[in-house]
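We have chain A already, so just place chain B on it with the hints.
Now for the letters of each chain:
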Amino acid sequence: AQRVTQPEKLLSVFKGAPVELKCNYSYSGSPELFWYVQYSRQRLQLLLRHISRESIKGFTADLNKGETSFHLKKPFAQEEDSAMYYCALRGSSNDYKLSFGAGTTVTVRA
Amino acid sequence: EADIYQTPRYLVIGTGKKITLECSQTMGHDKMYWYQQDPGMELHLIHYSYGVNSTEKGDLSSESTVSRIRTEHFPLTLESARPSHTSQYLCASSPGQLIYSPLHFGNGTRLTVT
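Here the protein sequences come in this chain order: A and B.
In terms of our numbering, the first sequence opens at residue 290 and continues consecutively.
In terms of our numbering, the second sequence opens at residue 208 and continues consecutively.
Just chain A, same shape as in the assembly (with noise of 0.2 Å):
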């Protein structure tokens, strides 16, 4: 079975600090992970993946196999960086289908 954690349900960092937000996975084969972003009153959407090893908004995600981990980081965060992030998985090249966890909710201070 996969399954995806989020540990943190809120985070709340100051403009101009890093921001982390965890994510750890379980399952047995070779997973495909993303992040995706809700802003306030705007639909889910994709953030990245790690497959593209790309930053995105200055976001980036590395996959660590070892930890099960794809943790989402930004060295400096802003304002509006203030969104519901989840962390998904996809567990098999013939499964469509997209695992959820049940999101951070970061709040960037001014």
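By construction, these hints were calculated from the structure, which means they are not laboratory data.
All C-beta atoms, glycine included, are put in the ideal place defined by N, C-alpha and C.
Certain hints may be false.
[Stated by the list, open to error] The calculated EDC-like cross-link candidates involving lysine to aspartate or glutamate, where the alpha carbons are at most 20 Å apart (straight line), are:
| no. | chain 1 | residue 1 | chain 2 | residue 2 |
| --- | --- | --- | --- | --- |
| 1 | B | K264 | A | D384 |
| 2 | A | K362 | A | D384 |
| 3 | A | K386 | B | E208 |
[Stated by the list, open to error] According to the in silico footprint, chain B covers these stretches of chain A (three or more CB under 8 Å from chain B):
| no. | segment |
| --- | --- |
| 4 | 327-334 |
| 5 | 387-398 |
Showing chain B alone in chain A's frame:
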């Protein structure tokens, strides 16, 4: 404009009523999904479809049913609504061939059963 649309955005209905939540996408995506979103909880997959006339139940047991008669349309039906069905329902779609393709979500339907 190519997009995914959900109607209604909000629905308040009494116990025992039959309801259908609509979801349509104009992106030509083969795969469509219904997720249930409750505050502080994981998004739970309740139904999915990989193409016309193909539907499967998701990880979370649900009393709802779905149909996929046309590629663009994936409605969700509750035959007899109950207060336990109160939740936010998200519809999503993704292209057929790309393993790493993201899900495109609709705006959701917030259902309240009184």
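Okay, the hints, checked on the actual structure:
1. With a C-alpha separation of about 14 Å, the suggested pairing of K264(B) with D384(A) holds against the 20 Å cut-off.
2. Restraint check for K362(A) and D384(A): not satisfied, since their Cα atoms lie roughly 28 Å apart, outside the 20 Å limit.
3. Among the hinted pairs, K386(A) with E208(B) is inconsistent with the structure: their alpha-carbon atoms are about 26 Å apart, more than 20 Å.
4. Under the rule that three or more residues need a Cβ within less than 8 Å of chain B, the assignment of the segment 327-334 of chain A holds, with 3 such residues.
5. Figure legend: the segment 387-398 of chain A, annotated as covered by chain B; annotation consistent (6 residues with Cβ-Cβ distances under 8 Å, at least 3 required).
Against the hints set out earlier in the document, violations occur for numbers 2 and 3.
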